[in-house]
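Once you have looked at the hints, place chain W on chain R.
Chains R and W, in that order, are what the protein sequence lines are. Counted from 1, the first sequence has number 97 at position 97 by my numbering; the numbering is strictly sequential. Counted from 1, the second sequence has number 24 at position 24 by my numbering; the numbering is strictly sequential.
Be aware that a few hints might be false.
[Said to hold, decoys possible] Taking beta-carbon pairs under 8 Å as the criterion, some of the chain W residues facing chain R (in silico):
no. : residue
1   : 21
2   : 23
3   : 24
4   : 63
5   : 88
[Said to hold, decoys possible] With a straight-line cut-off of 20 Å between C-alpha atoms, the simulated SDA-like cross-links for lysine to any residue are:
no. : chain 1 : residue 1 : chain 2 : residue 2
6   : R       : 129       : R       : 114
7   : W       : 64        : R       : 117
8   : R       : 107       : W       : 84
Because the hints were derived from the structure by calculation, they are not lab data. Quick caveat: nothing in here was measured; it's all calculated off a predicted structure. C-beta: ideal position from N, C-alpha, C; glycine also.
Okay, here's what each chain looks like letter by letter:
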Amino acid sequence: MSSKADGGSKDLRELLQLTIPAKSEAVASVTDAVGETLTGLEVPEQKRLEICLAVQEALVNGVVHGCGNDPSKSVTCRLESDGDGRIIIVVTDPGPGFNLASVSDPKRGENLYADHGRGVYLIHQLMDKVQFERGGAEIRMWKY
Amino acid sequence: MDINVRKRSQVQVVQLRGQLRMGPAVDSLRQTMEEAVGAGDTRFVINLSEVPMIDSSGIGLLVKLLASTKQRGGNLKLLQPSKFAIQTLRLVGVLNLFEVYDAEDAAVESFS
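Isolated chain R, as found in the complex (with noise of 0.2 Å):
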C-alpha cells in the first residue's frame, strides 16, 4: 500500500460519488455537486476552482472519449479526502482508453488556435498529481 506522503490511499474517506448518463449537459451537475462539497469542507476558493475544472475536464473526456457521447453508457466520479486535507478525485468511464503520446501540446503553434485538444493539459497544470489507470479509462487526480 502506498503511503499518504505520496498521495496514496491510506485513510481515505469518501464525500462522493456520482454517475452520471453520457451526455454533455450531465457533466455540470457533478462539478456543481464537487464544488458545494468543497465549500462544505471550507476549501478555499482558488483551490476549489482548480479541482472543479479538472473535474470538468476528466468528465468531459469520459463523456466525449470515453463514451463517445452515448447516454446508455456513464461516466462516475468518486471524491475522497484524507486526514490531512489532500483531495482526491476518480473518474472512470467504460472506454477502452487512450494513448496519452498521442496528446499533443496544445501550446504549440499549430494547436493554439484548436477547438479541443487542452482538457488532459489543463488537468495536468491544475491538479498536483495525475494518474492514468485501465489505459486511461481511469483517471486519479490529487490536490494537496
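Showing chain W alone in chain R's frame:
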C-alpha cells in the same frame, strides 16, 4: 448561462453570466455568436466579469470565434475576465491571442 447582447458603436457587447463550459452554456454562446456573425457582425467584446470558470470547450469556442472574426476583418476582445479565467487562458497559452480590457468604454473605443 445568461447571455445578453447589446450593440454599441457597431460593436456587439456580449455579457455572459455563469460558467462557460461544455453543454448548454457553450452551445448557447456558439449559437448566439454564429447568428451574429451570420448577420454580418465582426466586432465583439465578450464581458467575462461574471464568468468564474471557463473550461476547455469554452476556450476552444473563444479561440475559434477569434479566428473567425479576424478572418472577416473584425476582432473579439475580452472584458474583465476573472483572475481564474485569466489563469486558465494563460495555462493553455491562448491569453496573449486576445486583447483584454478592464473597462467597457475602452474595449469598445479600441475598435475605432
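Outcome of the hint check:
The criterion of a C-beta within 8 Å of any C-beta in chain R is met by residue 21(W), whose closest approach is roughly 6 Å, and the hint holds. Here the hint on residue 23(W) is kept, as its CB sits about 4 Å from the closest CB of chain R, short of 8 Å. Given hint, residue 24(W) at the interface with chain R, holds; its Cβ is 6 Å from that chain's nearest Cβ, closer than 8 Å. At a threshold of 8 Å, the smallest CB-CB gap from residue 63(W) to chain R is about 5 Å, leaving the interface hint in force.
Residue-level restraint check for residue 88(W) holds (minimum Cβ-Cβ distance to chain R is 7 Å; threshold 8 Å). For the suggested pair residue 129(R) and residue 114(R), the alpha carbons sit about 26 Å apart, so the restraint of at most 20 Å is broken. Straight-line distance between C-alpha atoms of residue 64(W) and residue 117(R) comes to about 13 Å, which keeps the hinted pair within the 20 Å bound. Distance restraint check for residue 107(R) and residue 84(W): the Cα-Cα separation of roughly 18 Å lies within the 20 Å cut-off, and the hinted pair is therefore satisfied.
Violated hint: 6 only; the structure is consistent with all others.
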